[in-house]
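Chain order of the listed sequences is A and B.
Take 13 as the starting number for the first sequence in the working numbering and just add one per residue.
Take 13 as the starting number for the second sequence in the working numbering and just add one per residue.
In short, the hints are calculated from the structure, not lab data.
A few of these clues could be false.
Straight line, CA to CA, 16 Å or less: simulated EDC-like cross-link-like pairs of lysine to aspartate or glutamate [as the list claims (entries may be wrong)]:
| no. | chain 1 | residue 1 | chain 2 | residue 2 |
| --- | --- | --- | --- | --- |
| 1 | B | K67 | A | E80 |
| 2 | B | K147 | B | E127 |
| 3 | A | K96 | B | E127 |
Note that the structure is predicted; figures quoted are calculated from it, not measured.
The lines below spell out each chain.
There are 2 protein chains.
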Amino acid sequence: MNYPNGINRNKSSNYIEKINYANRGMSLEDDLNRTNEYYRSIDKAYIYKKPTPIKIVKVDYKINKITEGYLNTPSTTDYNGIYKGKYIDFEAKETTSMTSFPLSNIHSHQLKHLENINRHHGIAFLIIRFTRLNKTYLLLENDLECFLKNSKKKSISIEYFDKKAYLIKDKYTPRVDYLEILDKIGGI
Amino acid sequence: MNYPNGINRNKSSNYIEKINYANRGMSLEDDLNRTNEYYRSIDKAYIYKKPTPIKIVKVDYKINKITEGYLNTPSTTDYNGIYKGKYIDFEAKETTSMTSFPLSNIHSHQLKHLENINRHHGIAFLIIRFTRLNKTYLLLENDLECFLKNSKKKSISIEYFDKKAYLIKDKYTPRVDYLEILDKIGGI
């Protein structure tokens, strides 16, 4: 799929950004679901979003309807799966901030989970989208851990992302080609 | 944890089996959750049961209560995670049959999913418990695929399990030590 005629995607005027954003109208979650669907369709990787963890209390089994359930705090991350035989695990978050990503968006047990995966030789990372900047980054767990160990700050600045994370190019198919980044980094 | 005094676990009288079963009173799911918890506690593997997939329609966010939701058909398997850097993926089922495991217990897209994982060098398998025989088997995807390709039968006989699958010894800690089987088979 191509961009509409005459729109230069690299030109960073607010006007262009608004158009693109309206055209896309997709959340990061939607984009990632489509991306993972695409990867599966070409037999490249099998990575899924885990269902939302809930505690089911009452079910009408005749129509498979849940009439009472409670949203639980997620104990792990949202996405995992396999790529080139490797275990892949990540959490994805959006922020409307223009300057930094607030760490309060991620639970401490999710950070601990990513650390465990990394230590066990899985590929663990965050995908963070700054929606108002229209920028999506992949931050490897190593670099996240390094930040957490060396900083008392409650948010990760965009400068840190520019320095340590990988910018995921905006595409149409797949929308968020994070495996391309992993291929470039190597080690898979 | 030890067995109660005087009970010989290996003696296969019905009486002993009943006692043990009553003492345990645990479903395969409970046993696997405890096993996975144990593996995590000793930093051996990070394998989780995925939450039940549901479609959430109405939520009272003040108390995180779901007032309308629907149970979805699972698109993948129930358990996945990482062990020794390898991607692990399996489905677990119980049957009360004494003679065979009915394939109708597993959705075709789950079988396809296991096949995909195996092809991509993940470790894919089934854990099947014959509750009335008090036997729990690990059947590798390769051997499952072999059965499906060579048989038109709608269930897998206990003889096939005895021949091709691995019997998981009944223990207390961990309850279903399936990683021990993977270690024995090798390749991880």
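So, going through the hints one by one against the coordinates:
1. B:K67 / A:E80: Distance of about 13 Å is within 16 Å: holds.
2. B:K147 / B:E127: 25 Å, violated
3. A:K96 / B:E127: 15 Å, holds
Checked against the numbered hints above, the structure breaks only hint 2 and satisfies the rest.
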